[in-house]
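Next come the chains, spelled out residue by residue.
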Amino acid sequence: MAITKLATDARALPVQAIRPPGALPEEDFLAACIRCGLCVRDCPYDTLVLAELGLEGPATGTPFFTARNIPCEMCDDIPCVKACPTGALDHGLTNIDDADMGLAVLIDEEHCLNALGLRCDVCYRVCPVIDKAITLERRHNERSGHHAIFMPVVHSDHCTGCGKCEKSCVLPFESAIKVLPVRVAQAKAAEHYKLGWEDRNPLVDELIDLPDRLPGPGTDNLVAPGGYLPSGVEGLPDPSMDGGFAPSYGLPGTGGAGQ
Amino acid sequence: MSEKTALPVGQEAIQDKGWWLAHKFLILRRITQAGFLGLFLLGPWFGIWWVKGNLAGSLTLDILPLTDPLVLLQGMFAQHWPETTAIIGALIVGVAYALIGGRVYCSWVCPINPVTDAAHWLHDKLGFAKGWQPKRGTRYWVLGMVFAASALTGTIAWEFVNPVSMLHRGLIFGMGFAWTFVLAVFLFDLVVSRRGWCGHLCPVGAFYGLLGTGSVLRVSAVKRADCDDCMDCFAVCPEMHVITPALRGAEGDTPLILSSDCANCGRCIDVCAPDVFKFTTRFDDTPAPARAVRRKPKRQPEASRAA
Ligand code: SF4
Ligand code: SF4
Ligand code: SF4
Ligand code: SF4
Ligand code: SF4
Chain A
4 MAITKLATDA RALPVQAIRP PGALPEEDFL AACIRCGLCV RDCPYDTLVL
54 AELGLEGPAT GTPFFTARNI PCEMCDDIPC VKACPTGALD HGLTNIDDAD
104 MGLAVLIDEE HCLNALGLRC DVCYRVCPVI DKAITLERRH NERSGHHAIF
154 MPVVHSDHCT GCGKCEKSCV LPFESAIKVL PVRVAQAKAA EHYKLGWEDR
204 NPLVDELIDL PDRLPGPGTD NLVAPGGYLP SGVEGLPDPS MDGGFAPSYG
254 LPGTGGAGQ
Chain B
772 MSEKTALPVG QEAIQDKGWW LAHKFLILRR ITQAGFLGLF LLGPWFGIWW
822 VKGNLAGSLT LDILPLTDPL VLLQGMFAQH WPETTAIIGA LIVGVAYALI
872 GGRVYCSWVC PINPVTDAAH WLHDKLGFAK GWQPKRGTRY WVLGMVFAAS
922 ALTGTIAWEF VNPVSMLHRG LIFGMGFAWT FVLAVFLFDL VVSRRGWCGH
972 LCPVGAFYGL LGTGSVLRVS AVKRADCDDC MDCFAVCPEM HVITPALRGA
1022 EGDTPLILSS DCANCGRCID VCAPDVFKFT TRFDDTPAPA RAVRRKPKRQ
1072 PEASRAA
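Chains as they are written, first to last, in this note's numbering: chain A, 4 to 262; chain B, 772 to 1078.
To be clear, the hints were calculated from the coordinates, so they are not data collected in a lab.
By construction, the Cβ of each residue, glycine as well, lies at the ideal position given by its N, Cα and C atoms.
Take these hints with a grain of salt, some might be off.
A few chain A residues that face chain B, going by a derived Cβ cut-off under 7 angstroms, partial list only [said to hold, decoys possible]:
no. : residue
1   : Gly-40
2   : Leu-41
3   : Asp-49
4   : Leu-56
5   : Gly-57
6   : Pro-88
7   : Val-125
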């Protein structure tokens, strides 16, 4: 079954190739797309191309785009999806903001101008979903000591993968921010992980609540090494006497031998 | 067998009918093949978007969807149920070919056909031996394997290698290295196996052949009584086994070429000087007397070459 082998080999999709909006997950896409190129024809920005055999691109004849060349302009009426006769581009996608073509990743923090402490902000400003898909997070600039770094941060729940940021990055040649297929760009939390600050439900039902123990008067650790002895409290053993504890070293400010 | 068998193929027809009439259907076919391709190229080359897409799926005048039923069927084997548009398109194509003959696709539309015809022409010119000839049913096995591979991999499997769509899509959308597949088919037909690809292996042809099993449009050897044994129809027919039952049939046998392998290419009509063949429908029951019984000639080496 040579074809089987070839089909499975050809399924490998280069990471720079991003599928059009609404594309089914890759396995389903290759069962659905008949490679007719109607999506390509109806894209008003010539974003999409059909892969050519042996050139950099996904399986021969299937549609994709390279964001650094021409990104997706996120048309309101999504003509590419409407043109698809097979549903390889899911006709359920009616709001382009829900598209999930890929996920932008700030891949090169060493060269991103914002990450270096400058104010470039271009990727942030061109984002069609600005302030939701991409935000600038203020951080301390350790290098200068008294400036801020405005770090571009992408949020997966809003990023559509349109690639406008990648296209616009001012660096020559490669972009510092790149759209990658979600399967490459995003990890998954294990199912049982819970972020305590987001999800306040206890891990186990009827969690046993133990009494809090704090150091202070009335607890038995008062005379532990380093503990303090409140003055004027009666009935406690003198730490320097038998039965009490005294640190063998002097503590600063207590007039010990070490000073 | 007659002394005319020895004449170059089609010479008599050219003498009797003139060159153009002796190549009528061949020329019409080339025009149609180029025309179909041209329609698809009007858009990318001249910005006239009457037809968008390619043979796998297209949209004509923004209203008529057409889909290749074979590709769609593979998708279904791979467990994708397509949108209605694609299904309607496949039904239109399917019904059309079921009426006019499935392999009309091969001889009038498919872009590989001129390639394999060229290979055959050169093969003949160079006088190569016919080489490996796979069994008659091989292409149906290939077709079966295509469906099995689609189901196993969950992809439209044949499209990873299909030289037909590679060439067609390549011409319209960009070729990449797809020309290597086309060259491979050409060389296969030239060196390895005479008429090997279209006549024996191509699962697309097999599929369309099955689709056209009951087609209405058929070629008939109505005037078979006039056949003068020049063997030219056998020499030009890409599926020559289909001719024998009709042409050499006995009195009661139908003169219709009913085999689904016949591509309705009309070449047999072209090259026949006594005009034995014509296009008609499968319901045509014009009486067609068989030839007077002749002495069975001894088989000669030329006969097997011409046949
Ligand atoms: S949304 Fe618009 S720009 Fe983006 S791929 Fe579709 S048609 Fe092209
Ligand atoms: S329109 Fe649909 S089936 Fe055609 S190439 Fe685009 S995604 Fe594939
Ligand atoms: S790819 Fe970039 S520009 Fe497009 S939505 Fe995501 S962050 Fe914004
Ligand atoms: S057999 Fe295949 S390659 Fe040959 S003409 Fe028919 S579809 Fe085209
Ligand atoms: S029988 Fe005639 S029409 Fe049919 S394939 Fe042969 S040459 Fe073509």
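Status of the hints after comparison with the structure:
1. For Gly-40(A), the interface hint holds, the least distance from its beta-carbon to any beta-carbon of chain B being 5 angstroms, beneath 7 angstroms.
2. With a cut of 7 angstroms, the hint placing Leu-41(A) at the interface with chain B holds, because the nearest CB-to-CB distance is about 5 angstroms.
3. Using the Cβ-Cβ criterion of 7 angstroms, the hint placing Asp-49(A) at the interface with chain B is not satisfied: the shortest such distance is roughly 11 angstroms.
4. The interface hint given for Leu-56(A) holds, since its Cβ lies 4 angstroms from the closest Cβ of chain B, which is under the 7 angstroms cut-off.
5. With a cut of 7 angstroms, the hint placing Gly-57(A) at the interface with chain B holds, because the nearest CB-to-CB distance is about 3 angstroms.
6. With a least beta-carbon distance of about 4 angstroms to chain B, the hint placing Pro-88(A) at the interface is held under the 7 angstroms criterion.
7. Given the 7 angstroms rule on beta carbons, the hint for Val-125(A) is violated: about 31 angstroms separates it from the nearest Cβ of chain B.
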